[in-house]
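Chemist: Based on the hints, put chain B in the right spot on chain A.
As given, the protein sequences belong to chains A and B, one line each in that order.
Each residue of the first sequence is one higher than the last, beginning at 1 in our numbering.
Each residue of the second sequence is one higher than the last, beginning at 437 in our numbering.
It should be emphasised that the hints constitute simulated quantities derived from the structure, not laboratory data.
Honestly, I wouldn't trust all of these hints.
With beta-carbon atoms standing in for the labels, derived distance ranges [to be verified]:
id	chain 1	residue 1	chain 2	residue 2	range
1	A	S233	B	E510	22 to 30 Å
2	A	I419	B	D546	39 to 47 Å
3	B	D585	A	S233	18 to 26 Å
4	A	V408	B	R492	38 to 46 Å
5	B	G617	A	E236	29 to 37 Å
6	A	S233	B	D722	53 to 61 Å
7	B	D636	A	I419	48 to 56 Å
Every residue gets a Cβ at the ideal spot worked out from N, C-alpha and C, and that includes glycine.
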Amino acid sequence: MNYWILLRRSFRSFPFLLIIFFMPPLFFYGLFFAKSSAPLSVLGMLSALLAWAVVSIIKADTCRKSTLIIPYFRKRVSTFYISVGIFIICLFVLADFFKNREIVLGLDFFFFIGASLFIYGFFLFVSHFFPIWIAFSGFFVLFISKTLHVPYANVPYATFQFMTIPIFIIGLILIILYRHKIVYMTEENNLFRAQKYPDTFNIRSIRNATKSYYTKKGFWTNGFRFTFETFLSIVEKLNISRVFKVFILNTLKTNINWLSFLTILFLLMSFMFLKPPVYFLVFFPAILMWNAIIYGKKYFAADATKPIAIKKLFITEYAGYYASSMMLIFIMFIGMKMPNIIKRYNDIMPNEPILPYIFGGLFVISLSLLIMRRLLNAAINYLILFLSVGATIAIIKLSINTKIINTVALSGILMILTILFSLISFKLDIKRDIAS
Amino acid sequence: MGEIIISTKDLYKSFKKKEVLKGLNLNVNKGSIYGFLGKNGAGKTTAIKCLLGLFRQTDGNSNILGYGSGDLPEEAKARIGYIPQENDLVEWMKVSQLIRYTKIFYDRWDDAITEKLLKRFEISEKDIVGELSTGQAQRLAVVLTLSFDPDVLILDEPVASLDPEGRRNFLETILDVAKDGKRTILLSSHITSDVERIADTIGILKDGTIQVERPIEDLKDSVKRLRIVPRDGVIPEGINIPNLLDMKKEPNFIMATVHDYSEDAKHTLEANYKVNIDVFDLNLEDIFLSYHSNS
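Chain A on its own, in the form it takes in the complex (with noise of 0.2 Å):
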């Protein structure tokens, strides 16, 4: 086979690759600057993105232009990326083990190398042939995340060591079994040819992918539209300004698919029942931005034409970014606090300090607001992504830890930063082109 041809072909789709090669590093970077090691969550959680970054290269590089490739070349292709993957899960198992426990390889290494796999293997197969992956990401991901944390915690260590072979073998058949999918789908496969895929992976490339996720008859996309609904008929009924009445429908139709009923329902039991880790506070509202950033640049080129004065479309924007995530971290708080009352629960709650999250929740928006939406390619806001939040997440617990700075004060310094960059943001929008 020619090897050539497969590394230009992997070049092409040079930024995901830039990102699967500096993904690692950032790890470390993060994990040595925080004191704990990341709980399997957390792993779990890096193991789903990768897997969703790892299915889009595949559908853009393979699949796409399958009529071009011979099976045998896209059996190479596929395997190259999916090798990568799992490369990189188990350089993030490293760096969280080399850190801070002390039986490097241990059968607990094992454990999380198959846990991290498992769940690799089982997105790579959900996000290929769901594009709903936004929906199953956070529940999934926590919840299997959870389920597998669960009995390490609290059974015998017997069960624990049984345990791992099953889970790590799992997850290499879902990864084999996805690749044996990919290397041997037809033209004639129906998932095969509804997913089409443009040249270049970038946010458009996003946006069109995921707009049948948003027009469907679903369950899902009527709790969008029954919300909005209800929204709009309160508001044309309220006697309040029509700058007001923009702020309230934009921020809701910007941000549905976080502050629908049916999703804040979803989101409330999920962060009741699962208990996710403090930095889930910033990791989350990071997550809507990167959204908004997809659906918010073709809505506000949209509405820049409507009667309303570009900088109070701006302020609207804004403000309507900061409103979504606040009312994101509310749910988070609300669930994850829910659990104190339920006696049972008490012991396993997290204890670290939340405010501080909470305000490097809404750092990380503003962060966003000032660098990631000016960029369009989908893989550089990943890795901004990934840096802001890590760095953002590794800063926070160096200082709860080592009590450099207080609480109070760090979040302060976050609130003033958040101001800061929004400000900066807010200068910088207004003298550039709107549209696209």
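Modeler: Just chain B now, with coordinates in the frame of chain A:
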């Protein structure tokens, strides 16, 4: 000359090193239907986006309704309707929800117009926007734009995605809207037959500047195709045809297209080069092609 509603003066717009508009001068009179013609990539959309303040111009001025495009006040925007080339409607909403959402922005929204146009375009309010065909979505954009009764309509390739019936329907709607002569319409397109049917003024954009801007009848009177036949059967060397747009040499004659045609110039040419000249009228498409000819 009437009141100028839309104008640009020496408008420049660059994207990094690529200069798209190079001193664009455009004037649209009140009540006029202005056909803004240009090839794909000529800069029509860029010019329109500069006019609407969606792009910041690199240099020069652009105005709508007497206001600078860079900072259009709300009262000006409330009088401007814009239909972009690609629909930017919110896909997950129902048609009724999108109408109600858009209505919130406008004080002078007319539900009767909305209802009439939805019926005319056969769009159901219960439909989901993302499930509409491209043509239906474009028609919905027309409904949303005309429902607030704008004084200025800016249409960027609005019929490109419509079938013949849809195009006819759309053009009739535009003519309906424009019949009282109070509205100003800027219609960007490269489908010359549609523009010819409704526009009263034509501007042809090429290489980032307006090559010609005239009332359509003037333009048709001005641009002619000449069939130049030498009396002795030999095509004269170095023939100098004034105001030449394009020229094609055949074995026994020359076909040339000129602008600013005059009978005097024809007689001079006939006398100087000992040729007979037949003059032909051109339709807008031929005129457009002549302005873009390289021959």
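Chemist: Could you run down the list of hints and mark each one as holding or not?
Modeler: Going through the hints against the structure:
1. A:S233 <-> B:E510: 22 to 30 Å: At 25 Å between Cβs, range holds.
2. A:I419 <-> B:D546: 39 to 47 Å: holds (43 Å)
3. B:D585 <-> A:S233: 18 to 26 Å: holds (25 Å)
4. A:V408 <-> B:R492: 38 to 46 Å: Holds, since V408 (chain A) and R492 (chain B) (Cβ atoms, about 42 Å apart) stay within the stated range.
5. B:G617 <-> A:E236: 29 to 37 Å: The hint (29 to 37 Å, Cβ to Cβ) holds, given that G617 (chain B) and E236 (chain A) are roughly 35 Å apart.
6. A:S233 <-> B:D722: 53 to 61 Å: holds (55 Å)
7. B:D636 <-> A:I419: 48 to 56 Å: Given range 48 to 56 Å: holds, Cβ gap about 53 Å.
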